[in-house]
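A.B. asks: Listed below, chain by chain, are the residues.
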Amino acid sequence: MALINYSSREINCKIVYYGCGLCGKTTNLLYIHEKIPANIKGELVSLATETDRTLFFDFLPLELGQVHGFTTRFHLYTVPGQVHYDASRKLILKGVDGIVFVVDSQIERLEDNIESFENMKVNLNKQTYSLADIPYIIQYNKMDLPNAMTYDEMERKVNPDSVPSFEAIAVQGVGVFDSLKAISKLVIAKLSRK
Amino acid sequence: MPEADLVMYEEDYSKVNEILNHLLADSNSKFVLLVDRSGQLISIQGETESMDSMAFASLSAGNYAATSELAKIMGEREFSVLLHQGDKESIHISVVAERIILVVVFDDRTTLGLVRLRVKKAGDELTKVFNSIFQKVASEERRADALLDSSYRSGAEEEIDKLFKE
Numbered sequence: 001m002a003l004i005n006y007s008s009r010e011i012n013c014k015i016v017y018y019g020c021g022l023c024g025k026t027t028n029l030l031y032i033h034e035k036i037p038a039n040i041k042g043e044l045v046s047l048a049t050e051t052d053r054t055l056f057f058d059f060l061p062l063e064l065g066q067v068h069g070f071t072t073r074f075h076l077y078t079v080p081g082q083v084h085y086d087a088s089r090k091l092i093l094k095g096v097d098g099i100v101f102v103v104d105s106q107i108e109r110l111e112d113n114i115e116s117f118e119n120m121k122v123n124l125n126k127q128t129y130s131l132a133d134i135p136y137i138i139q140y141n142k143m144d145l146p147n148a149m150t151y152d153e154m155e156r157k158v159n160p161d162s163v164p165s166f167e168a169i170a171v172q173g174v175g176v177f178d179s180l181k182a183i184s185k186l187v188i189a190k191l192s193r194k
Numbered sequence: 001m002p003e004a005d006l007v008m009y010e011e012d013y014s015k016v017n018e019i020l021n022h023l024l025a026d027s028n029s030k031f032v033l034l035v036d037r038s039g040q041l042i043s044i045q046g047e048t049e050s051m052d053s054m055a056f057a058s059l060s061a062g063n064y065a066a067t068s069e070l071a072k073i074m075g076e077r078e079f080s081v082l083l084h085q086g087d088k089e090s091i092h093i094s095v096v097a098e099r100i101i102l103v104v105v106f107d108d109r110t111t112l113g114l115v116r117l118r119v120k121k122a123g124d125e126l127t128k129v130f131n132s133i134f135q136k137v138a139s140e141e142r143r144a145d146a147l148l149d150s151s152y153r154s155g156a157e158e159e160i161d162k163l164f165k166e
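Protein chains in written order, with my numbering: chain U, 1 to 194; chain D, 1 to 166.
Hints are computed from structural coordinates only; laboratory data are not their basis.
Be careful, since some hints might not be right.
As the list claims (entries may be wrong) - Not the full set, but computed from the structure, chain U residues with beta-carbon under 7 Å of chain D: (1) Leu3; (2) Tyr6; (3) Ser7; (4) Ile40; (5) Gly42; (6) Val67; (7) Ala87; (8) Phe177.
Glycine included, each C-beta is placed from N, C-alpha and C at the ideal position.
Between the sequences and the hints, there should be enough to build the whole structure, so can you do that?
C.D. replies: Encoded structure:
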């Protein structure tokens, strides 16, 4: 649910990184936070456990320059990926404008990825949303690992809607900004069509 | 039915800020803010100094969302008020028009009783304003068409290409 304020001349959009535990959601935000210039980012907020597993969410606000006199912001969130944090995942999806679904490309994680995708649809429904109405892209992370599936295999198994997808090695930053650019543009395109 | 985008024009924003400023003065609070339940900051008034208002807003929304779920587990519809009491400053959180969170931060210049009293009044006023906004959005009187046309889109995409790169 974008916030469009004509008076303060601001547009705020919410992008959520979703996926199974340890797939690389927080890694994406950490990389973005490290590389983005200081003048367009806010502080990275991470509510995590002592072992650095996301407990509730990560939050990173980014600000584009002025466009038509309006400041456009993207608020990036991650959900906690571990299975037992389902109640929290549902909450973070509230008001989502776009989703990056992060896939752990290791073959052993295939079922976890599929389960997480179905879980995302269920949690969207609980927030009265349908995935069909929300722009999303898929990021195949950890493509450098020897047990990673091929791009084509993952497309068949994890991308039923043939949405834009990107290979990534988030810990090195590969594919991180490609994914962010793609989802940002999809969100803007959807806003522009209303 | 999913919520529509929240579109605010000058007259709405002015009314909202007027109510917030009255609340701030009448309750003698440090600052007040409005956040939507997805974590977007709508307005903030008062002594914010160098505080990270975006982070404060998203954490307030997360806080409220988590305690709302706790309430449901307990069989309550929701907790209408949350209070966090600190040594020097405290936070009073309530919800307005079911979708907007009103956060009041106060210190020993006032009392909890006064804050509660003033929040009740301001909450009723804000509820009327936001219900009116939601109705207008729902009835399609207010859409962002004029602004978010194809030229906005191409301008935004240029900025995205410029900023989001290795």
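A.B. asks: Would you mind marking each hint as holding or not holding in the structure?
C.D. replies: Taking the hints in turn, this is what the structure says about them:
no. : hint   : in the structure
1   : Leu3   : holds (4 Å)
2   : Tyr6   : holds (5 Å)
3   : Ser7   : holds (3 Å)
4   : Ile40  : holds (6 Å)
5   : Gly42  : holds (5 Å)
6   : Val67  : holds (4 Å)
7   : Ala87  : holds (6 Å)
8   : Phe177 : holds (5 Å)
The structure agrees with every numbered hint stated previously.
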